[in-house]
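Knowing the structure of chain X, use the given hints to seat chain P on it.
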Amino acid sequence: MLSKLIKLDLRDYRAKVKWALPIYGLLLLSVLLTKGLSVPYLGGFTYGIAVVATIILLPAALLLSLIHYYRHFYTNQGYLTHTLPVTPGQRYYGKLVGAFLLYFLTSLIAIFGVLILVLAKTLGERTGLAGFGTIIRSVVSWPQQIGLNPVLGWLLVFALWLFIFIYFFATYSFCISSGMSRRLSRFSFGGPIIVYIILYIIQQIIGLLAFLFFPLSLRLSVSLDAINSGSTAVGDVLKTRIVTTMPIRRFHDLGMMGENFGQDLPAETIFANNGYIDIGLGIFLVMLAFIIISFIWTRRRLARIDLR
Amino acid sequence: MITKFEQSTAFASGRPITSGQSITTEQIAKSAYSSTPPQPSALTPVVEVKDLTRNYGKRRGVESLSFELTAGEIVGLLGPNGCGKTTLIKLIMGLLQPDRGSVVIRGQKPQVSYNLISYLPENTYLNPALTMQEAVRIFVDFYRDFDQAKAWRMLAEFGLEPNQTLKTMSKGMQEKANLALVMSRDVPLYILDEPMGGIDPAARETILNGILTNYNPGSTLLLSTHLISDVEMLFDRVIFLDNGRIRLDRSVEELRAREGKSIDGLFREIYAPERGEYYA
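Going down the list, the protein sequences come from chains X and P. Under the working numbering, the first residue of the first sequence is numbered 164, with each subsequent residue one higher. Under the working numbering, the first residue of the second sequence is numbered 7, with each subsequent residue one higher.
Hints are computed from structural coordinates only; laboratory data are not their basis. Where a beta carbon is used, it is the ideal one built from N, C-alpha and C, also for glycine. Do not take every clue at face value.
[What the hints assert, rightly or not] Calculated pairs, DSS-like style, for lysine-lysine (alpha carbon to alpha carbon, straight line, at most 25 Å):
(1) X:170 x P:173
(2) X:167 x P:156
(3) X:167 x P:173
(4) X:170 x P:64
[Unchecked claim] Label pairs and their in silico Cβ distance ranges:
(5) P:65 x X:357: 40 to 48 Å
(6) X:318 x P:65: 53 to 61 Å
(7) X:451 x P:56: 51 to 59 Å
(8) P:251 x X:467: 18 to 26 Å
With the rest of the complex left out, here is chain X (with noise of 0.2 Å):
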């Protein structure tokens, strides 16, 4: 049932989409004929809209996957997805995965968009297929370039990507089955909106104090000698470590606490004297928290539906 509610999704995704696919070919199309064969003043405003059309792509994306959540959930639609007979935990996984999908296909579409762009850039100064080799190679080997390895590199990018949805989907399937709850319901859209705030506040207030307090950090080193010396290594330069100590404590050694919270201190007075400062990771493991009891909390909101 499972992978119906999925296809059921990606059904109703493909509706809203059918259109917008064909027209953004369109303008990559109109990119690598006019930026590529460096059409004056044409060429720069294809590019121009193709750069903020491939930007806006993934939050499109994802602001699609809400809207499709909320009116397949809280308006007449929802009358049917409800007494589809099939689990609140299968609706709501369905409701994930087919977001996801949508996600994924979007990602995939808008690196297409990226190398095509790329290409009419290179194609329009000249350096052709070699430019278009030599920007790709450069941008494969960021984690080289900052002396980290190849696969952890990417790896944490592909981690990034992944939570970026995953945390953007807890956050608003959490907002709007609460805002819709019985209790919420009588403000409509309000209701999600007014759970929204108050959640951001109690994120900011929890996850500044286990931003402080959480006995886990990342502990950075720049060693100034190295820069002094005219080092570009990013190896050399800093160094990276992670530690149980509360970050707090170093914020407190180097006077940053009381009168002076949240002034900004010179480099060279943190990281003199092999010096460092610790970024608490309390907030990564809130956010992930705030996943969890998200995920556990909106299955059991879908159980007490209650379309007004």
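Chain P only, in chain X's frame:
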């Protein structure tokens, strides 16, 4: 005595009913559906509603409702606008949570009984961007009891095209499309919420015929409406709701024998004098 099935079929075909006619239940059942009907016991309640209460803030939705629906009954849920019909149906469907009381469908909670219920809500619940073909596909995917051939037959009778999208249809056509899908399922319980609300009389007749000719006689049908004169010949039993409470819950036969009036006449007598309204 004229059976409910004889009444239904006669109404659907537009011919008058006489007690001497010899239409058997089997004949009607044969013509009405192609798949095997469920075999519920007439004594087992299909729906049990106990002390059901739901308020919207200070406003009363329904209060202390208790009744049972048994297999094979056609029950009219009647009352003026805002009396609690849709609230009651949503509670039965598990789409609203009660303040108090319970709903049990064949011994189960509503939320786990959706394979037993075919539900037509007040407003169209399909994505307007879908074509009829896609809408049928959804029902095929999710409901094992869905009779696709029957759905296409009904849609053709209603004059709806497979490639037509719902957003290009009038309200009456959308209502017909939804009804074709809902009545093409073979389930113990059909719940239709105002299937003819806001629709012109000609379309009402088509929809009514659609319900009658495709209804499974072994199943229970709960139909809410305030357009009583159009449908009253269907009902075995009527439940009159008034301001969230049951005002009357009787068999139609008993009511006609005791009161000597049509259900529509009785309805007007009960509600109109108090409110000065006329429900046609």
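Okay, the hints, checked on the actual structure:
For the hint pairing residue 170 of chain X with residue 173 of chain P, the CA-to-CA distance comes to about 21 Å; that is within 25 Å, so the pair holds. Our distance criterion of 25 Å between C-alpha atoms is met by residue 167 of chain X and residue 156 of chain P, whose separation comes to about 22 Å. As the CA atoms of residue 167 of chain X and residue 173 of chain P are separated by approximately 24 Å, the hinted pair is consistent with the 25 Å bound. A hinted pair counts as satisfied when its Cα atoms are at most 25 Å apart, and residue 170 of chain X with residue 64 of chain P does not qualify at roughly 42 Å.
Against the hinted window of 40 to 48 Å, the Cβ-Cβ separation of residue 65 of chain P and residue 357 of chain X comes to about 22 Å, which falls outside the hint. Between residue 318 of chain X and residue 65 of chain P the CB atoms are about 56 Å apart, so this pair conforms to the stated range of 53 to 61 Å. Between residue 451 of chain X and residue 56 of chain P the Cβ separation comes to about 44 Å, which falls outside the hinted range of 51 to 59 Å. For the pair residue 251 of chain P and residue 467 of chain X, the supplied restraint of 18 to 26 Å holds, since their beta-carbon distance comes to about 25 Å.
Violated hints for the displayed structure, listed by number in ascending order: 4, 5, 7.
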